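**Student:** Sequence:
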Amino acid sequence: MNDAVEVGVIAGYLAVLVAVGIVFRRFNSGVSDYFRLGGQGAWWMVGCSAFMTAFSAWTFTGAAGAAYEAGWSIQVIYLANVLAFTVHAALLSPWFRQLRAITAPEVIKMRFGTTTQQVYAWLYAVLGLLYAAIWLWGLSTFIATVFAAQIAGPAEFFGLSGVQFVILVTGIVVLLYSTCGGSWAVMATDVLQAIILIPLTIAVALLCLRQVGGIDGLFEAIDESGLGDTFAVVNAPGTFEADEGDANFWQYTGMFAIAALVYKVVVFSTIEVAQRYFGVKNGREARLASLLAGLMVLCGMAFWFIPPIVARLLFQTEVESLTGLSKPAEGAYAVAAMQVLPAGLVGLMAVAMLSATMSSMDSGLNKNAGVFVRDIVPFACRRLRRPEPNERTSFLIAQIASGVLGITIIMIALYFAAKDGRGVFEAMLNIGAMLALPLSVPLALALFIRQAPWWSALVSVTGGLIPSVLAFGAGEGWWESMSREGTILSTEWPYHWKVFINLAAGSIAFLATIPFWSNATQAYRDQVNQFFQRMHTPIDPNEHDGPPRGREQLRVVGTFAIIVGGLIGCLVFVPGNDVPGRLAILFVGGFIAAIGGIMMFFGLRATRQGNTDGSPDTA
210 MNDAVEVGVI AGYLAVLVAV GIVFRRFNSG VSDYFRLGGQ GAWWMVGCSA
260 FMTAFSAWTF TGAAGAAYEA GWSIQVIYLA NVLAFTVHAA LLSPWFRQLR
310 AITAPEVIKM RFGTTTQQVY AWLYAVLGLL YAAIWLWGLS TFIATVFAAQ
360 IAGPAEFFGL SGVQFVILVT GIVVLLYSTC GGSWAVMATD VLQAIILIPL
410 TIAVALLCLR QVGGIDGLFE AIDESGLGDT FAVVNAPGTF EADEGDANFW
460 QYTGMFAIAA LVYKVVVFST IEVAQRYFGV KNGREARLAS LLAGLMVLCG
510 MAFWFIPPIV ARLLFQTEVE SLTGLSKPAE GAYAVAAMQV LPAGLVGLMA
560 VAMLSATMSS MDSGLNKNAG VFVRDIVPFA CRRLRRPEPN ERTSFLIAQI
610 ASGVLGITII MIALYFAAKD GRGVFEAMLN IGAMLALPLS VPLALALFIR
660 QAPWWSALVS VTGGLIPSVL AFGAGEGWWE SMSREGTILS TEWPYHWKVF
710 INLAAGSIAF LATIPFWSNA TQAYRDQVNQ FFQRMHTPID PNEHDGPPRG
760 REQLRVVGTF AIIVGGLIGC LVFVPGNDVP GRLAILFVGG FIAAIGGIMM
810 FFGLRATRQG NTDGSPDTA
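Here my numbering is used: the first residue of the sequence shown is 210, the next is one more, and so on.
None of these hints come from the bench; they were simulated from the model. Being a predicted model, the structure only gives us computed values, none of them experimental. Glycine is no exception: its CB is placed at the ideal position from the N, C-alpha and C atoms. Hints may contain errors.
As the list claims (entries may be wrong) - Now the in silico label distances, taken between C-beta atoms and shown as ranges: (1) Leu339 with Arg791: 40 to 46 Å; (2) Val781 with Val678: 55 to 61 Å; (3) Ser434 with Cys508: 26 to 32 Å; (4) Val443 with Arg595: 55 to 61 Å; (5) Phe741 with Arg791: 56 to 62 Å; (6) Leu813 with Thr323: 35 to 41 Å.
Based on the provided sequences and hints, a complete structural model is requested.
**Tutor:** What follows is the structure, encoded as structure tokens:
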């Protein structure tokens, strides 16, 4: 009975996401709407989407595994996210919106020209497909292992393995609503996912605290287990590995914390990230969106890591029995949730984990389709001396591109699942960190330094990738003939080495090109000056691509939230749940419905007052 309820909850939620895509399809009248909300996205919608895009399923898997092993140390990475969003709010997010673009490569072209734009467009497009497929495959492996009982029946019915079933269902749902509704559906589903995620994670944390006797009981249990030093926010060197030659010797130390802060601020402060804010109406709303995203991360991190820590204290046997995972600790959050959640909310927990990856996938899919339509296709047309497609044709190409890219992601994920390579997900996360920083450094410096030639970004990327190659081979025997014992090439690099060395190499390479500015043509100098002038010029109130849709966004998203909240509330009638469990269901369902009601109130109020904006702060 309970398994059927959990499956029904998951199926119902996925159906709601598809419905959102269908409803928001009418919001699209052209390419600008499809890829950046026509510049009419509400700040709260863009802020929730920024939060969900930055927040991935890694929080419930990899980060939860780190909390299981090292306690509060993982908080440093999320504080780095908060700091990055604070930098956006204080300085960068208005600049990003004022660039007045649809895709990030368009901005790269404004700053560096066509050659650099095409290099980045293709590189980000390929990497985006790979990362989305790996996220989908990695999470599907996790869901299929931890929630095996819930999905075994449906998977067997279709003749698929659990992993293949989750990949296909999740991938098809993301494909359907992203292709139908474009950026409007992506943003709206991200808001719904955030509204569900927040009360659910709070409920899991509170129910876990109830198991250990509250906050005081939690810290007493940590001390009694002898984990007080291990669970410190900043650990002494050697806490997790006594051998100084091992990279884990520096895990979660002060150097690790500084590197995490630097990495997040740099990677979040680039031209590529600017696309996150292209959909809001002006610089002020971009600032509000980044503040909201940072606040949501700050509030969330107070609850997200209580369950895996409680799992270490109370459910260690259950966690270590997850032999289907390459690292059983990564199932700690799910194990804790399954131990404390009432029937019905376990399925919702699976949905929350899926949502965390889907929010990254759908944003990436929409962004990659935008790059293809706005950057790659026009360039190819010019090269072939063919006319560029008109607005209507571009819109059709956008939908086709979204569909093709979505199918490609599903196929790559199925390939990874067929190979059944353990540890690939974790390995690719590390590769992502090594590639993201070299690509980001020139795109961050270019926002502040004018006097750099058009080829400076390419030189910087090359300079940053050289130590990346050395780091990948260090300690693996690649450089055995070139290195001696105890040197930088014979030892696996700890995290802070990778960050600081890559950052220094890329920055030095970029700065080394500045003397060549004197050789730049006048046309390029004018182009750079226009870029900075554009970036610092506020958006005119009449500068938009379509009619204001603020009140429509509130009403439509609010309606879906009320429906979802009401359906979740109905789970209170599922037999077998105790009183705390039923209260948890009412809390989650009531929270979601209440947020939906607030949205509906402001949307209807704006309609009555003739306020087309509809934002709560101006309604």
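**Student:** Falls inside 55 to 61 Å, the C-beta gap from valine 443 to arginine 595?
**Tutor:** 58 Å, holds
**Student:** Confirm or reject the claim that phenylalanine 741 and arginine 791 have a C-beta distance inside 56 to 62 Å.
**Tutor:** Given range 56 to 62 Å: holds, Cβ gap about 58 Å.
**Student:** With respect to the beta-carbon atoms only, verify the hint that leucine 813 and threonine 323 lie 35 to 41 Å apart.
**Tutor:** 48 Å, violated
**Student:** With respect to the beta-carbon atoms only, verify the hint that serine 434 and cysteine 508 lie 26 to 32 Å apart.
**Tutor:** Roughly 28 Å apart at Cβ, these two residues keep to the hinted range, so it holds.
**Student:** Given a hinted range of 40 to 46 Å, is it respected by the beta-carbon distance of leucine 339 and arginine 791?
**Tutor:** Roughly 44 Å apart at Cβ, these two residues keep to the hinted range, so it holds.
**Student:** Taking 55 to 61 Å as the stated bounds, is the beta-carbon spacing between valine 781 and valine 678 within them?
**Tutor:** 56 Å, holds
Checked against the numbered hints given earlier, this structure breaks only hint 6.
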